[in-house]
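Asker: This is what each chain is made of:
There are 2 protein chains.
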Amino acid sequence: MAKNAKQAPSALDDPEYRRGIVELLGLLAYGEISACERLVADAQMAPDLRAKVEVAAMAAAEFGHFEQLRDRLAELGEDPFEAMAPFEEIFARFHAKTKPSDFLEGLVKAYVGDSLASDFYREVAAYLDPETREIVVETMSGTGHSEFVVDQVRSAIEADHRVAGRLALWGRRLMGEALSQAQNVVAERDALSAVIVGGADTPGLDLAAIGRMLTRITEAHTGRMESLGLSA
Amino acid sequence: MAKNAKQAPSALDDPEYRRGIVELLGLLAYGEISACERLVADAQMAPDLRAKVEVAAMAAAEFGHFEQLRDRLAELGEDPFEAMAPFEEIFARFHAKTKPSDFLEGLVKAYVGDSLASDFYREVAAYLDPETREIVVETMSGTGHSEFVVDQVRSAIEADHRVAGRLALWGRRLMGEALSQAQNVVAERDALSAVIVGGADTPGLDLAAIGRMLTRITEAHTGRMESLGLSA
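So the sequence lines, in the order shown, correspond to chains F and U. Once you know that position 194 of the first sequence is 194 in the working numbering, the rest is easy, because the numbers rise by one and skip nothing. Once you know that position 225 of the second sequence is 225 in the working numbering, the rest is easy, because the numbers rise by one and skip nothing.
Some hints could be false.
Stated by the list, open to error - Here are the computed lysine-lysine pairs in the BS3-like style, where the Cα-Cα straight-line distance is at most 30 Å: (1) U:Lys97 - F:Lys52; (2) U:Lys97 - F:Lys97; (3) U:Lys99 - U:Lys52; (4) U:Lys52 - F:Lys99.
If you are wondering where the hints come from, they were derived from the structure by calculation, not from laboratory data.
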């Protein structure tokens with residue numbers, strides 16, 4: 001794959017597009033490692049070992065995604081940690097503002113965050129060059145543990161109906177913070193924004209397109225909250 | 001493999017041996033998940049993201065080992081979490097008494113603990129039935145990150161020679177606590193002890209054999225501390 005890429009002309013030959021892709025991979029890689037880190041911290045609140053192991057498996061899946069993204073950056077001749085560094089603050093801010101106060105909130109955060117990331121990957125993938133798309137599609141699969149989260153949240157609500165109100169508020173806060181940080185990224189990173197909304201063919205920032213994308217992502221979020229038994 | 005095991009007579013048909021094996025797998029599984037958990041907690045102390053990722057990779061390797069052991073217990077028709085439960089206290093005690101005060105102490109703990117576990121697996125594997133041996137050998141490989149630990153410890157000592165004295169003390173404390181908890185396990189678990197010292201052929205507790213095994217493990221530990229630039 002990498003060999004062919006060197007022979008055939010590639011969208012990555014365009015330095016502006018390439019810069020956007022490196023930023024995108026850096027953003028995704030940092031997001032995965034930071035999700036992994038938060039999941040593991042939240043696992044401390046698990047009520048028993050079985051639940052802790054479920055969360056650890058989600059964290060391990062995120063770590064696997066991180067490794068793929070890191071290796072792709074290295075393949076492009078980039079230092080993965082340098083590519084990730086610009087996004088450290090964004091995620092630190094997001095996590096500081098969305099510290100779960102119990103295990104359930106941690107689970108909802110993992111579920112919502114993982115799903116938002118998947119939606120975002122899916123939105124973006126269409127515009128990407130084939131090599132980048134392949135890696136993004138491979139890591140966009142989510143951690144595949146939503147069943148566990150849905151079960152836990154639904155039975156917690158069954159045991160105590162007040163939980164639903166609290167978690168619905170929590171879901172709204174998560175979504176609000178995610179959107180706010182996403183807007184920061186878009187505002188600060190022109191090359192990345194260009195890649196997100198139009199890839200190699202649509203250079204420059206298209207706010208309307210970003211708006212439409214965010215609307216689709218918000219709608220999917222609403223559907224997911226409902227599947228948890230929560231109003232969005 | 002499992003299919004053949006059902007047809008051929010197996011050491012696992014002996015209920016006492018089988019009980020020991022289930023305890024052994026439960027012990028190893030709990031050890032892996034608990035090492036994974038501690039590593040991840042210690043990763044918070046990493047000086048930078050690069051170091052954090054190294055530690056996360058070690059944790060992910062431990063989690064992979066845990067999954068293999070858990071699946072083997074399930075294959076034997078056992079509830080993995082029930083098999084693990086008796087060892088929770090042992091590891092909680094060990095970790096409570098060996099809380100690293102900085103990142104280096106965490107690294108040394110991971111390295112020493114991982115290596116002790118490998119040595120122990122290697123000692124035990126020889127006595128086991130083929131099916132159990134296979135899984136123990138697969139998970140005894142260590143996390144393969146000792147190079148990173150050795151580098152970090154050696155450069156920290158180079159930068160400040162006093163570090164060597166502190167870490168040498170720390171290594172002794174780790175070994176002392178590990179031995180003390182190992183003795184608790186042996187004292188409390190007859191079936192497991194029988195498996196450890198002689199497998200299916202030597203039922204009953206042989207304290208002299210355990211003593212010899214501990215001597216060999218201690219010697220290997222001394223060699224490893226020296227490779228870190230520390231006196232044992």
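Asker: Each hint needs a verdict: does it hold in this structure or not?
Answerer: A quick look at each hint next to the structure:
| no. | hint | verdict |
| --- | --- | --- |
| 1 | U:Lys97 - F:Lys52 | 22 Å, holds |
| 2 | U:Lys97 - F:Lys97 | 33 Å, violated |
| 3 | U:Lys99 - U:Lys52 | 18 Å, holds |
| 4 | U:Lys52 - F:Lys99 | 20 Å, holds |
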